[in-house]
Amino acid sequence: MADDNGAGKSTLVKCIAGTHAPDAGTILFEGREVRIHAPDEATQLGIETVYQDLALCDNLDVVQNMFLGRERLTNVVPPILRTLSELEMERRSLDVLRTLSVTTIANVREKVAALSGGQRQSVAISRAAMRNSKVVILDEPTAALGVAQSAQVLALVQQLREHGLGVILISHNLQEVFSVADRIIVLRLGRRVATFRHGSTTPEDVVAAITGARESGRL
Amino acid sequence: MNRAHKQRPPSLRPRRVGMTLRTFLSRSGIQRWRQGELGVLPVVFGLVVIALYFQSEQPTFLSARNLSNLIVQIAATGSVAVGLVLVLLLGEIDLSVGSVSGLCSALLGVLIVNLGLPWWLAILATLATGALIGALQGTWFAFVGVPSFVVTLAGFLVWQGVQLSVLGPTGTVNVFDPYIGKIAQSFLPGPWGWILGLGAAGVSMTALWVARVRRRDAGLAASASVALAARSILVLAVGISSVEILNRFRGIPTAGLILFGLVVFFSFVTTRTRFGRYIFAIGGNAEAARRAGVNVSGIRIAVFTLAGLMAAAGGIIFVSRLTAASTQTGGGTFLLEAIAAAVIGGTSLFGGRGSPWSALLGSLVIGSVSNGLDLMAQPPEIKYIVEGAILLAAVSVDAIARRSRAAAGR
Numbered sequence: 001m002a003d004d005n006g007a008g009k010s011t012l013v014k015c016i017a018g019t020h021a022p023d024a025g026t027i028l029f030e031g032r033e034v035r036i037h038a039p040d041e042a043t044q045l046g047i048e049t050v051y052q053d054l055a056l057c058d059n060l061d062v063v064q065n066m067f068l069g070r071e072r073l074t075n076v077v078p079p080i081l082r083t084l085s086e087l088e089m090e091r092r093s094l095d096v097l098r099t100l101s102v103t104t105i106a107n108v109r110e111k112v113a114a115l116s117g118g119q120r121q122s123v124a125i126s127r128a129a130m131r132n133s134k135v136v137i138l139d140e141p142t143a144a145l146g147v148a149q150s151a152q153v154l155a156l157v158q159q160l161r162e163h164g165l166g167v168i169l170i171s172h173n174l175q176e177v178f179s180v181a182d183r184i185i186v187l188r189l190g191r192r193v194a195t196f197r198h199g200s201t202t203p204e205d206v207v208a209a210i211t212g213a214r215e216s217g218r219l
Numbered sequence: 001m002n003r004a005h006k007q008r009p010p011s012l013r014p015r016r017v018g019m020t021l022r023t024f025l026s027r028s029g030i031q032r033w034r035q036g037e038l039g040v041l042p043v044v045f046g047l048v049v050i051a052l053y054f055q056s057e058q059p060t061f062l063s064a065r066n067l068s069n070l071i072v073q074i075a076a077t078g079s080v081a082v083g084l085v086l087v088l089l090l091g092e093i094d095l096s097v098g099s100v101s102g103l104c105s106a107l108l109g110v111l112i113v114n115l116g117l118p119w120w121l122a123i124l125a126t127l128a129t130g131a132l133i134g135a136l137q138g139t140w141f142a143f144v145g146v147p148s149f150v151v152t153l154a155g156f157l158v159w160q161g162v163q164l165s166v167l168g169p170t171g172t173v174n175v176f177d178p179y180i181g182k183i184a185q186s187f188l189p190g191p192w193g194w195i196l197g198l199g200a201a202g203v204s205m206t207a208l209w210v211a212r213v214r215r216r217d218a219g220l221a222a223s224a225s226v227a228l229a230a231r232s233i234l235v236l237a238v239g240i241s242s243v244e245i246l247n248r249f250r251g252i253p254t255a256g257l258i259l260f261g262l263v264v265f266f267s268f269v270t271t272r273t274r275f276g277r278y279i280f281a282i283g284g285n286a287e288a289a290r291r292a293g294v295n296v297s298g299i300r301i302a303v304f305t306l307a308g309l310m311a312a313a314g315g316i317i318f319v320s321r322l323t324a325a326s327t328q329t330g331g332g333t334f335l336l337e338a339i340a341a342a343v344i345g346g347t348s349l350f351g352g353r354g355s356p357w358s359a360l361l362g363s364l365v366i367g368s369v370s371n372g373l374d375l376m377a378q379p380p381e382i383k384y385i386v387e388g389a390i391l392l393a394a395v396s397v398d399a400i401a402r403r404s405r406a407a408a409g410r
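Order-wise, the sequence lines are chains A and B. Our numbering numbers the first residue of the first sequence as 1 and each following residue consecutively. Our numbering numbers the first residue of the second sequence as 1 and each following residue consecutively.
Think of the hints as simulated: they come from the structure by calculation, not from any bench. Take these hints with a grain of salt, some might be off.
Stated by the list, open to error - Derived Cβ-Cβ restraints for the label pairs, each shown as a range: (1) B/V226 - A/D53: 40 to 50 Å; (2) B/S225 - A/N132: 35 to 45 Å; (3) A/G166 - B/F265: 45 to 55 Å.
The C-beta atom is built at its ideal place from N, Cα and C for all residues, glycine as well.
Build the full structure now, drawing on both the sequences and the hints.
Right under this line is the structure:
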């Protein structure tokens, strides 16, 4: 999804993620019409959103962040005392990171505060992918990153796609969009103005749609 | 995602089983220091310096009798500080704990002396009152949205007022109940001290080694056996020397045992349970915790309830030590000493970093200074100035550590 500032992508994402109620329209998910009123309803459908601020706790380590809110527990004294299954969570985190070919995180017990921007983004995306999700929405995942770190994140996006997840990537950066997207949707002033297929379009066409130089795209 | 995982069973190759000592040191020590995770080292160092200074000025400072006294003196402040640590971990503050302690001590006295309640019922009622006050303040903060600083500042005044009215015109209730007195004035018989001390050291050492073996079996990086051996020896040395010294006087003070038990219990709660994990998460990033599905308001109320409960426990220990509840109980520097203890021990005022152990270490620092200056017959004004300076120094270390953490996050 590509657009200019203020074109309405954040609002659209919030509607899909359930943090914002749509004024009108329907949401189709796997061919069915669904209504999403709250974030956990979106999560139950398998829609995970990685916001720009990543929502990570700096004072917790990678494993603790990946399992935040979904901790694995061991029953020590069944109804009263349940403790955290740290080993299980650590193994699962390592497993997920390896499956997604995230090689930049050497130590999953490192505090997130000590990670680079690209590593943090990788943690946030891996967390979203780990949770039985079907669709992952990424809001400007590379906006604050340098060239090398952006490449890491884009490689991760490719991995998600290869593992069968739908990825909605929101970005200003056309080069990036062209490197990973199958379908490019342009929003302008809150409306979809164009949909392009990767391979049958050029960056110039997309720019033209974003700026409004040409009103209708090839649908 | 799931499909992908089924194709690839989680057969983990043990990539890095057992770090060498060198990587352990560079990873856990120096790197953490650079990132501003100072741990307990600064406070232990400070404690040693303080002890050496007072010992050189007053040779009785490190005597068994004085150390035993010191432990009884810090038990009340330490217990209150344990509750405060939880609040600080959330990134909040509770300024009412001194007044709540005072009110609870007054209540305990009145319930036993004026109403003739049995000691155990009076203790239960007092603890319940402290917890209820904490829950009330926590609810006000979590649901009405008034900053905890303001809610508990109001509480600071309100509960002091209630304390004065509970005590009535005389302002003092003498509590000579033998059971209440035992809390702060009894000692564990020598052999029991050894059983308990060695038992505790044994359990914690076993836990360390079992954790290592389990990590190795799970194919995860485990700490070097040399480092673990060093830690085990340290635990054993601290255990043996504490029991040996305290037994030379009258044994382990019961009040010290209560404080130690509270620290161990809450340290377990904060590091091993989901509740504890959520306290840290909220202190680190409340919005992230909320989005992850954590019941932020519920955890906040629970933590303020625990702070109230610990304040009540501190008040009870106070009454036991002084055999009286008065208008002075919980007042004066009590609140600031409890906050100072938590912060000096290494719990961050900025939330999300710290441990209940810091309540113990910090109250040892504050208690040593107070006790040492008393031994040197210094007037209270000197005590205030020194304690204030130590508090400022501790918070400065915290603030500087926080800056270097921000700098280390590339």
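Is the hinted range of 40 to 50 Å satisfied by the C-beta distance from B/V226 to A/D53?
-> holds, 42 Å
Whether the CB-CB distance between B/S225 and A/N132 falls inside 35 to 45 Å | holds, 39 Å
Lying within 45 to 55 Å: is that true of the beta-carbon distance A/G166 to B/F265?
-> Holds, at about 47 Å.
Consistency with the previously given hints is maintained throughout, with no hint failing.
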